[in-house]
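Participant: Residue numbers (the numbering used here): 208 to 468.
If you're looking for bench data, these hints aren't it; they were derived computationally from the structure.
Glycine included, every Cβ here is placed at the ideal spot set by N, Cα and C.
Among these hints, one or two may not hold up.
[Stated by the list, open to error] Computed cross-link-like contacts, SDA-like style, restricted to lysine to any residue with a CA-CA straight-line distance of at most 25 Å: (1) Lys396 <-> Thr310; (2) Lys327 <-> Arg212; (3) Lys344 <-> Leu437; (4) Lys210 <-> Lys327; (5) Lys210 <-> Ala284; (6) Lys299 <-> Arg266; (7) Lys344 <-> Ser371; (8) Lys327 <-> Tyr235; (9) Lys210 <-> Asp275; (10) Lys305 <-> Asp231; (11) Lys299 <-> Tyr379; (12) Lys327 <-> Tyr369; (13) Lys396 <-> Leu425; (14) Lys299 <-> Met221; (15) Lys327 <-> Pro367; (16) Lys305 <-> Ile319; (17) Lys210 <-> Arg223; (18) Lys344 <-> Tyr369; (19) Lys305 <-> Ala232; (20) Lys305 <-> Phe416; (21) Lys305 <-> Leu428; (22) Lys299 <-> Ser258; (23) Lys327 <-> Asp264; (24) Lys305 <-> Met390.
[Unchecked claim] Simulated restraints, written as ranges between beta carbons of each label pair: (25) Ser441 <-> Thr341: 32 to 42 Å; (26) Gly325 <-> Gly461: 47 to 57 Å; (27) Thr459 <-> Ala209: 49 to 59 Å; (28) Gly391 <-> Trp463: 24 to 34 Å; (29) Gln415 <-> Thr459: 22 to 32 Å; (30) Cys409 <-> Gly256: 37 to 47 Å.
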Amino acid sequence: MAKLRVGIIGCGGMSRNHIRGYLDAGRYEVVALADLNEEAMAEKDRLFGISPRHYTDAREMLAQEELDVVSVCTWHAGHAPWTIAAAAHRPKAILCEKPMADTVGHAEQMMIACQRNGVKLAIAHQRRFLPAYTLAKELIADGAIGDVHLIQSFGGAGLPNYSSHQTDMYRYLLGDDECVWVMGNIERKTDQYERNTRIEDCALGVFQFASGARALLLSDLVPNYYQGALIFGSQGMINLTTEHLQIMNQGTGGRWETHTP
208 MAKLRVGIIG
218 CGGMSRNHIR
228 GYLDAGRYEV
238 VALADLNEEA
248 MAEKDRLFGI
258 SPRHYTDARE
268 MLAQEELDVV
278 SVCTWHAGHA
288 PWTIAAAAHR
298 PKAILCEKPM
308 ADTVGHAEQM
318 MIACQRNGVK
328 LAIAHQRRFL
338 PAYTLAKELI
348 ADGAIGDVHL
358 IQSFGGAGLP
368 NYSSHQTDMY
378 RYLLGDDECV
388 WVMGNIERKT
398 DQYERNTRIE
408 DCALGVFQFA
418 SGARALLLSD
428 LVPNYYQGAL
438 IFGSQGMINL
448 TTEHLQIMNQ
458 GTGGRWETHT
468 P
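Please work from the sequences and hints to get the whole structure.
Facilitator: So, in structure tokens, the structure goes:
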């Protein structure tokens, strides 16, 4: 079977994870890199022992290469324009780094462009595949804590950075349940930037899902030592982190029981 041809837009730090993932999967060939910085592309060649073609203009790469997959690894503001540009060339799929976009309007434009051109669009919320998250989803689906009433989580490192993983986690744990409304507040007292995009010092959000479950998010610019959630169900609780899971229900005698994924 022929390998899928991959092009990377943006060769900063995050592109390393994308390239490593493609190479480890064995089904992909990274054939082209695009970045304004030639040395950034050369560094990826040396690091992974690959020989893709280099482009300092991503539009030229999209026009000249017949790509099956495009990874958008730019800073936040580049996610929408480069996803839309890539979709026009109709690859099979586009994998865009999170956060999806810097405005709701830009996110909608990305979806429209991909739908019109028959392109699969995925956002890099890879924590869905963490063993602890997968186990939590399975336990919830099996009714281990009854009906989920509330997911309470805290995110460090800012809303668009790690807290975007938290909001995706809610939908994942609930079987991609539809969010019907959101109420939130943001606070900006300083002038801090995340990858050249001004971000919030603090954010608070309440999410209501179609199933009746709710989620509460608190995001702050503190060191990102903890990423996880407390999940409250009608018959128990789950304490979830990126590496561990604890459950408390009638079966555990009302005590926390650690599950190793």
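Participant: A separate judgement is required for each hint: does it hold in the structure or not?
Facilitator: Hint check results:
no.	hint	in the structure
1	Lys396 <-> Thr310	holds (20 Å)
2	Lys327 <-> Arg212	holds (15 Å)
3	Lys344 <-> Leu437	holds (13 Å)
4	Lys210 <-> Lys327	holds (18 Å)
5	Lys210 <-> Ala284	violated (31 Å)
6	Lys299 <-> Arg266	holds (17 Å)
7	Lys344 <-> Ser371	holds (18 Å)
8	Lys327 <-> Tyr235	holds (16 Å)
9	Lys210 <-> Asp275	holds (9 Å)
10	Lys305 <-> Asp231	holds (21 Å)
11	Lys299 <-> Tyr379	holds (24 Å)
12	Lys327 <-> Tyr369	holds (24 Å)
13	Lys396 <-> Leu425	holds (16 Å)
14	Lys299 <-> Met221	holds (21 Å)
15	Lys327 <-> Pro367	holds (22 Å)
16	Lys305 <-> Ile319	holds (18 Å)
17	Lys210 <-> Arg223	holds (19 Å)
18	Lys344 <-> Tyr369	holds (20 Å)
19	Lys305 <-> Ala232	holds (21 Å)
20	Lys305 <-> Phe416	holds (22 Å)
21	Lys305 <-> Leu428	holds (17 Å)
22	Lys299 <-> Ser258	holds (22 Å)
23	Lys327 <-> Asp264	holds (23 Å)
24	Lys305 <-> Met390	holds (21 Å)
25	Ser441 <-> Thr341: 32 to 42 Å	violated (22 Å)
26	Gly325 <-> Gly461: 47 to 57 Å	holds (52 Å)
27	Thr459 <-> Ala209: 49 to 59 Å	holds (50 Å)
28	Gly391 <-> Trp463: 24 to 34 Å	holds (31 Å)
29	Gln415 <-> Thr459: 22 to 32 Å	holds (29 Å)
30	Cys409 <-> Gly256: 37 to 47 Å	holds (44 Å)
The earlier numbered hints that this structure contradicts are 5 and 25.
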